[in-house]
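For the first sequence, position 137 matches number 137 in full-length UniProt numbering, and the numbering has no gaps at all.
Keep in mind the hints are simulated off the structure, nothing from the lab. Any given hint might turn out to be false.
As the list claims (entries may be wrong) - The calculated lysine to aspartate or glutamate pairs, modelled on EDC-like cross-linking and capped at a C-alpha distance of 16 Å, are:
hint: 1; residue 1: K167; residue 2: D177
hint: 2; residue 1: K167; residue 2: E209
hint: 3; residue 1: K95; residue 2: E118
hint: 4; residue 1: K210; residue 2: D157
Everything numeric in this text was worked out from a predicted model, so none of it was measured.
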Amino acid sequence: MPELPEVETTRAGLAPHCVGRRVSDVIVHNGRLRWPVPEHLADVLTGRLVQRIERRGKYLLLYCLDEVSAHVGVLMVHLGMSGSLRLVDPGSVRKTHDHLVFSLSDAADDLDAEPRWELRYHDPRRFGCCLWLELPAEQHPLLASLGPEPLTDAFTDTHLFRLSRGKSMPIKSFLMDSQVVVGVGNIYANEALFEVGIHPLREAGRISEKRYVALSVAVRAILANAIAQGGTTLRDFVNGQGEPGYFQQQLSVYGRAGEPCLRCQKPLTEVRLSARSTVFCTRCQR
DNA sequence: ACCCCTACCTGCTAGC
DNA sequence: TGCTAGCAGGTAGGGG
Numbered sequence: 001m002p003e004l005p006e007v008e009t010t011r012a013g014l015a016p017h018c019v020g021r022r023v024s025d026v027i028v029h030n031g032r033l034r035w036p037v038p039e040h041l042a043d044v045l046t047g048r049l050v051q052r053i054e055r056r057g058k059y060l061l062l063y064c065l066d067e068v069s070a071h072v073g074v075l076m077v078h079l080g081m082s083g084s085l086r087l088v089d090p091g092s093v094r095k096t097h098d099h100l101v102f103s104l105s106d107a108a109d110d111l112d113a114e115p116r117w118e119l120r121y122h123d124p125r126r127f128g129c130c131l132w133l134e135l136p137a138e139q140h141p142l143l144a145s146l147g148p149e150p151l152t153d154a155f156t157d158t159h160l161f162r163l164s165r166g167k168s169m170p171i172k173s174f175l176m177d178s179q180v181v182v183g184v185g186n187i188y189a190n191e192a193l194f195e196v197g198i199h200p201l202r203e204a205g206r207i208s209e210k211r212y213v214a215l216s217v218a219v220r221a222i223l224a225n226a227i228a229q230g231g232t233t234l235r236d237f238v239n240g241q242g243e244p245g246y247f248q249q250q251l252s253v254y255g256r257a258g259e260p261c262l263r264c265q266k267p268l269t270e271v272r273l274s275a276r277s278t279v280f281c282t283r284c285q286r
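Using the sequences provided together with the hints, build the complete structure.
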């Protein structure tokens, strides 16, 4: 399930193959995603050059230039729970749940020429989205209220502590709130809290600044490490080239309920928090 | 304002 | 064997 490291892995994998290329065709096989794929997407996107691919939280932003008008718009993609973007040979068989197909050609190619690559959006559960944004992208309602990027200077050591004052919700819910900080989903929230020994149900407003600094450091380290491993593949995550990630081999608590704590050997406990699997050690996390 | 709950969706597994 | 129920969870929006 794509969290920030998986989305970043996808971005980094696609960028070298997509930037500078032309979208020569767009086919929407099933536009019923979390929000309907805009009817005019193919019209507005076809013929444009991919300028760059950025990421904001778990959203991928493909900046696309219309050379004639010099207009730049953004294809915004969210992978939801089960989505992936893969670059494949144009001739390869389309899989079930390949909902959108973007044909890519070399920038110098004629638009009528056979495409050289295909970028396919695959999403069995259709929790993701593909939307068209006008600049400035950050003012779009889905992006405007997002918290800082955890791997930039915007995520300071004191950010979590300051925002948490007066909050009675459990620290895990607080950490997973995208308005607090983006990109920390269920897996990495479980892992970060284990790393620093904080009980996931502890009231967010009653945690010391010192512990929040340690948590901030842990969040950065875990996300950076997961990116370095190519992300976490639990069921079906694959990067832009269809390859899995390897971070799941380093998970300390997620998916290990009942198994011994890696620090004290006591069996890990699992509870439900807002219907999310929450795994922790009652001895090491207080 | 704050916080919890629900809906969205399909593939997979467990249980009968 | 074949059905059904339950689970997985990112996110926005509704309700208390």
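Hint check:
1. With a CA separation close to 12 Å, the supplied pair K167 and D177 stays within the 16 Å bound.
2. Using a Cα cut-off of 16 Å, the hinted pair K167 and E209 holds, with the two alpha carbons roughly 14 Å apart.
3. For the suggested pair K95 and E118, the alpha carbons sit about 13 Å apart, so the restraint of at most 16 Å is met.
4. Annotation: proposed proximity of K210 to D157 holds, straight-line Cα distance about 9 Å (limit 16 Å).
Checked against the numbered hints listed earlier, the structure breaks none of them; every hint is satisfied.
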